[in-house]
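Enquirer: With chain A held as given, fit chains B, C and D onto it using these hints.
Chains as they are written, first to last, in full-length UniProt numbering: chain A, 1 to 211; chain B, 1 to 113; chain C, 1 to 416; chain D, 1 to 1016.
Take the hints with a grain of salt, since some may be wrong.
[Stated by the list, open to error] Below 25 Å or equal to it, Euclidean Cα-Cα: the simulated PhoX-like pairs (lysine-lysine) are:
1) B:Lys30 to D:Lys917
2) C:Lys164 to C:Lys151
3) D:Lys148 to C:Lys268
4) C:Lys385 to C:Lys356
5) C:Lys289 to D:Lys148
6) D:Lys530 to C:Lys11
7) B:Lys30 to D:Lys721
8) C:Lys11 to D:Lys523
Hints were generated in silico from the structure; no laboratory data involved.
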Amino acid sequence: MSNAATFDTRTDTAIPVESPLAYSYRHSGAPRAGSSSRLQLRERAMLGHLILRGGAIVLDEAVRDVLGISLPGQPQALVQDASGERSIQWLSPDEWLVIVPGGEEFPLETQLRERLGDAHFAISDVSGGQTLLELSGEAARELLMKTVVYDVHPSNFPVGKGVTTVFAKATTILRRPSEERWELVVRRSFADYCYRWLLDAAAEYDVNVQP
Amino acid sequence: MFYIYCPYCGEHREEEEFHPKGQAHIERPKEPEACSDEEWGDYLFFRDNPRGVHHEMWVHAVGCRKFFNVTRHTVSYEILETYKMGEQPSITADSQGPSREAAAVSQKEGVRA
Amino acid sequence: MQRYSGFGLVKHALSHHENWERQWRNPTPKKQYDVIIVGGGGHGLATAYYLAKEFGVKNVAVIEKGWLGGGNTARNTTIVRSNYLWDEAAALYEHAMKLWEGLSQDLNYNVMFSQRGVLNLGHTLQDMRDIQRRVNANRLNGIDGEVLDAKGVQELVPIMDCSKNARYPVMGASWQPRAGVARHDAVAWGYARGADAHGVDILQQTEVTGFKIRDGQIYGVHTNRGDIEAKTVGCVAAGNSSVLAKMGGFNLPLESHPLQALVSEPIKPILDTVVMSNHVHGYISQSDKGDLVIGAGIDGYNGYGQRGSYPTVEHTLQAIVEMFPIFSRVRMNRQWGGIVDTCPDACPIISKTPVKGLYFNCGWGTGGFKATPGSGHVFAASLAKGEMHPIAEPFSMFRFHSGALIDEHGAAGVAH
Amino acid sequence: MSQSKQQVFRLNAGGRIDRSRTLSFTFNGQHYQGHPGDTLASALLANGVDIVNRSFKYSRPRGIVAAGAEEPNAIVQLGSSEAAQVPNVRATQQTLFNGLTARSTNGWPNVQRDLMGLFGKLGGQFMPPGFYYKTFMAPASMWLTYEKYIRKAAGLGRSPMEADPDSYDHFNQHCDVLVVGAGAAGLSAALAAARSGARVMLADEQEEVGGSLLDSRETLDGKSADQWVAQVLEELAEHENVTLLPRTTVNGYHDHNFVTLHERRTEHLGETASVINGHRPVRSRMHRVRAGQVILATGAHERPLVYAGNDVPGNLLAGAVSTYIRRYGVAPGRKLVLSTSNDYGYRAALDWKESGCEVVAIVDAREAPAGDWVDAARAQGIKIITGSAVIEAKGSNRVTAARVAKIDIEAFKVSGPVQELACDTIASSGGYSPVIHLASHTGARPTWRDDIIGFVPGLVKGVQACGGANGTYALGEVLAEGVEAGIKAAAATGHAAQAVNLPSVERLQQGPAVALFQVPHEKPTLRGPKQFVDLQNDVTAAGIELATREGFESIEHIKRYTAMGFGTDQGKLGNINGMAIAARSLRRSIPEVGTTVFRPNYTPVTFGAIVGRHCRDLFDPERYTALHQWHVERGAEFEDVGQWKRPWYYPQKVNGTTETMHEAVARECLAVREKVGILDASTLGKIDIQGPDAREFLARIYTNKWEKLAVGKCRYGLMCKDDGMVTDDGVTSCLAENHFLMTTTTGGAAAILEWLELWHQTEWPELDVYFSSVTDHWATMTITGPEARKLLAEITDIDLDRDSFKFMDWRSGKVAGVPARVFRISFTGELTFEINVQANYAMHVWQTLFKHGEKYGLTPYGTETMHVLRAEKGFIIVGQETDGSVTPEDLGMQWCVGYDKPFSWIGKRALTRSDTKRENRKQLVGLRPKDPKVVLEEGAQIVLDPKHAIPMPMVGHVTSSYYSPTLKSGFALAVVKGGLQKLGETVYLPMADGQTFEAEIVSTVFYDPKGERQNV
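Chain A on its own, in the form it takes in the complex (with noise of 0.2 Å):
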């Protein structure tokens, strides 16, 4: 075993939760547009983030044993299981974000940590640090080229790819698993920034917010 500590930071679901946009939709709202909406903005909270370290060798099949999907090897990589709802993204050379359905992420670090055994890796929980943002509708790609100076032109960031980039003065995780979709993992304490920036650079786009 890595001999590091785990530890399960969820518990039962009767015990309530608050997203880090909960401050956010209390100060700021969440604007509701009907269909002259070109952007819609939906938040996926709640969901298992795994940090995972290591050489790519000595994770690769481990991850493919347990997870069912292979490491991206690639830089900018981003890959889905069928379903959609579990991905690993590239971050560096030795490491990946994995995001899954939410509870999922402590079995999951057990798993790879037994499988991993002795080997050198590491796995760290971040999933009540950051959290998930969906943009998706027509004026998504143009709203992202308000926030962030990476080039998301579909040429150059085809589905599949995911950078981290500058947020307007955050940072952030941007991610595109589908045609349609653009996804944005955010910091905690930057998410109402973050939150407030979108609503502000979409106001024009008729921004339909579900919390």
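Expert: Then chains B, C and D, alone, in the frame of chain A:
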């Protein structure tokens, strides 16, 4: 604003994702206690500061978080190469003359409107 | 030297301005001088001026590879203040301040030193602690200054947003009334004219290409106009100091960075003091012509290109509009960059070097312009006597070996 | 008055304006009318407004000179309301809209009758360049007074005094090919690049795309030029990968083909953006473009001729005259004299004649002009006076006549008799200067070309110039160059060339131009009437000559001494003439004198546009913890710590009045010391460290030892830079043999993570260890005080027994039903439990603690109370007790230094440098004011002899100082030279108000020196 090829991400990225971290290839003395004050001061503070080809370290701070090296001309600002930590530059001040832009600028100062 | 005065101006007008003399000569280099100053910026020219005028060394050449005053003297935001934290730095900058106060008359050249006061804003509790510490130290060092609260700041600068709604509300400021701005070009020209009148040869378009060193002692320089001899050489070359040091066979603890500045279009008078904010990160004053003169930050990379990166300009203007929301519709006219030679402790080097007779005055970072007279004066004294002036003594380059740094990052202004 | 009568200079036909609609506007309080398609300048000319401004230095009346970005005079103040004010708008670039309100920026009492003008006339000769350097020196004390009046006279427009109602934004753009300028060259380049499939951006500063083609006399494929423009635009619109940006000025070219574009979105519609669907669109937008290739198709600016009186209203550029006639349907006068050095100037006379007005004469500096347009002028019966020039314009508020004479350019003299031609307009053309501004923004030097009498841009990698920007003016060649540049650029970005058939263009026969920069006058330049070079800054040919006479020989000196080119037009009109005049004075060639290198911006850009959305609430991120809502509801005051908003204190309402900070902090302190308090400590940086070498890594990066820290234990650590100065501190816990959780200061979190990565990646890659930030994952709630255990026990399954869960242990279990890690560490000196839960559960746990805590007097406290409590215990705050010049030894923290660790840890070597091991360094001590009521000022300086004369030697300063409700006295921490040797001694603190406080140097620990309370 620079457009920097991150050797780890394998693509050009905007300067805003990076932080410059000073001269590259500064090695911490292996035996600090064996250093004189002068040697330790040199390691801490004294730097190459060439007008021309310079090797510097950058970190892809908003990106892969990896440190890497950049060979850059400090007058033309042209980036001649980037290479991973632990690698050596293939372009040095000795291996190539000043670039065309640098030569132009080093001529007499002209008008700044 | 033709004396300047209002009366003289009238006299010349009547003769259609046909009788104005050159402000400085364009001499042919001599073979030998007592002292060579390398670098014809404000500091170098001031050094030559004081050498000739105060210390009796008149056989002096100033060697400038371009045109005099064409480096950072011509590219800075002209702020003059002396409210530095540490005793050593305070002594140096206050020495300069006292010289500033009589400089126009001394030079018979109006350098337009305008003591309109400088505010250094505090936006956090730690900012205010630092401000109190600095102002208390200034006071005990005989330097004017007071700590203002937000209300006091608002009274001085009614157009600034001092409300609690700001992202980083103004909590107070240090206020140095004797501080202000001066006309940068006039400083170089005034010193050049004064030095020239005392017999100093100012050699423009002359580039030092090497030093003549024998047995560890300097005896001259190679230039693109031939060799010139002198047993004492003082280098005052700002951003190019490292390049010169390399010619002398040693390194300096310097990095040359781009430092950007910008101006708005001229507008009617609206800002009567200098406002600086480390925390929100911008500083601003208004020139006599009406331009808002705005200092941007230092770019983190080395650069001799006299330009920096655009985001630095963006961040600076964000800070200015945060402090002065009414300037949102004012327009930026021009931006430019200088090359600042920065030391690890944000203090200069005024020092002997491993080469006997070769002295360096460099590393001023963002603090160069305001120190011009003081820097020139103490450097001249040191060159004349062969021993460092007591005010210059702590600024030895060897402090980076002993560890006796003078860390002025807090007071060195925005760019740090 | 009927409309047509009002617009007396409006032509009945022609131009690209819509005469069927009328727009009203006011200028200097007078009401006028214009048409859609007008600029403010064309509308003013149509209404016969001659004087648009007063000049900067001499207050001379000035009129419109140009039709574009090079206009120096028509600088106006826009805006009918305070908030909508815009200073310094160039009337030639301001589209007319209904209700536009503009004023001249100078002139008192008004621009027509200006008193300063009198002063200028009388005093002008006393104001040569640099006059202010030569006077106003005596007495020294008067400069501020003189300056006040100088300042008043300066400036152009004024700043609004209210906040901007408009907003702005940025687009981050990326493209293969950016084409700057959509005239003939730019359109053909964009077309060629687009056809090859490249991502193309095409930006043009004008209201309408097409550049000079919009007022061209030439035909393409037999069609009028504007028809060809329309056809190209149609095709470009079909290409999905083409972004066309009209009203967009490319204002800055930066390194590596980063280009800034300023797109005006609403300025052509109104003074503020109007609300559409409840949303106010942005006033303007910056496009931050990273381009693979840049094509500069920026055209050329016409040079005026420099002759006496050339600033009197009615003196215009020849090209501008054509533009006003052909594009705006305005003839800016009735009787024209044209003075030219080239064939292009003839166009103005032809257009003028065709518009039905009188051409008095064409005055050509060349002895034998020949070319198609010269022939056309002759055919029209226009009188051509050769070998001559307009040497002086007569008139004060409007040109009344032109004085014309034979000139000898070589000898620089008037060589024949002078004749006076009555006229109201003088158009001049001295040839064209390529617009090289952008190319020189990154330092590239332009090159002088004698054949075109102008500079062409120096180009860096990835940039091309074509058309007028490259000194190519013949339309056919311009189109061909554009296509070639487009193909080349597309190919360089991996897009293969596609055929582009060039339209057929009639080839004009043109004679060579002559270089004429200053027209000689009968009198020498210094004695003659003023010949203006830079109209905005009132720089004259005489001024330039005088500057050279005074020894200003470098062009940069000349410019600075005279202020040439420093206006808002940045010398677009005058710089080349000025350099040529300087060159003649200095008897040098133009390239010897120097080249012109322009700086961004090409034309001025609103601060707001550069700021974009990064203002007001979005100026800088505010970072919140998971408990922020609670703190807000509880009425907390917040402290900015880095980007975090941390509760500073929680003022309560007592009997209707809100507590002061002092009262609230006293209450919070006592609650902790006597009962139990709670702090939201979530902002502390948290770094998850895993790997077999984690422990070794910690030993290298921290000053103290880590080899024996057991699983389940925590330890305080101190971090230095390699210069031996303290840089961060925090508690690190051993979670498992290969697993540690490091905490950092709130402000230091990101920097420390990068610091760890730096050492790992660059020096010690062989160590097997990984670092990940978990700061935001955990919420941290600190409960501290004598009742902390009882409170926690109610809601946890963790055994809190003092013997099984000791001080500096951590345990995991459930708190309020939520999995938690609880750390028994203390920053207050009291019994403390730091509860860490996944942040999404934080609010539940926090509220549960309060539900159970009420009976124990649970009190939330903020950072101020935290600071008081830790200071009572002598615990440092990095950044408050330290300032980058303080070693662990200076802090008296030798207990936290592992001198004998095998690896020479970061910072160790520096501690034995001569200065760091010297005696009498400043050391951290406690200060007890002699008067317990006194709370010393933080930052107060400490002296040993308060009677010493100024400068008074200082031995240290107060770093932290508070009133302690527990000690019932003020107390402080300070650094004092040799302080640890001075315990018990008295020091003095002289204050600004003249008071001097006395204090005794004491231990840094003021409360519970044995540390019993945290161990209970």
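Enquirer: Taking the hints in turn, state whether each one holds.
Expert: Taking the hints in turn, this is what the structure says about them:
| no. | hint | verdict |
| --- | --- | --- |
| 1 | B:Lys30 to D:Lys917 | 22 Å, holds |
| 2 | C:Lys164 to C:Lys151 | 12 Å, holds |
| 3 | D:Lys148 to C:Lys268 | 12 Å, holds |
| 4 | C:Lys385 to C:Lys356 | 13 Å, holds |
| 5 | C:Lys289 to D:Lys148 | 11 Å, holds |
| 6 | D:Lys530 to C:Lys11 | 19 Å, holds |
| 7 | B:Lys30 to D:Lys721 | 17 Å, holds |
| 8 | C:Lys11 to D:Lys523 | 20 Å, holds |
Violated hints: none; the structure is consistent with every hint.
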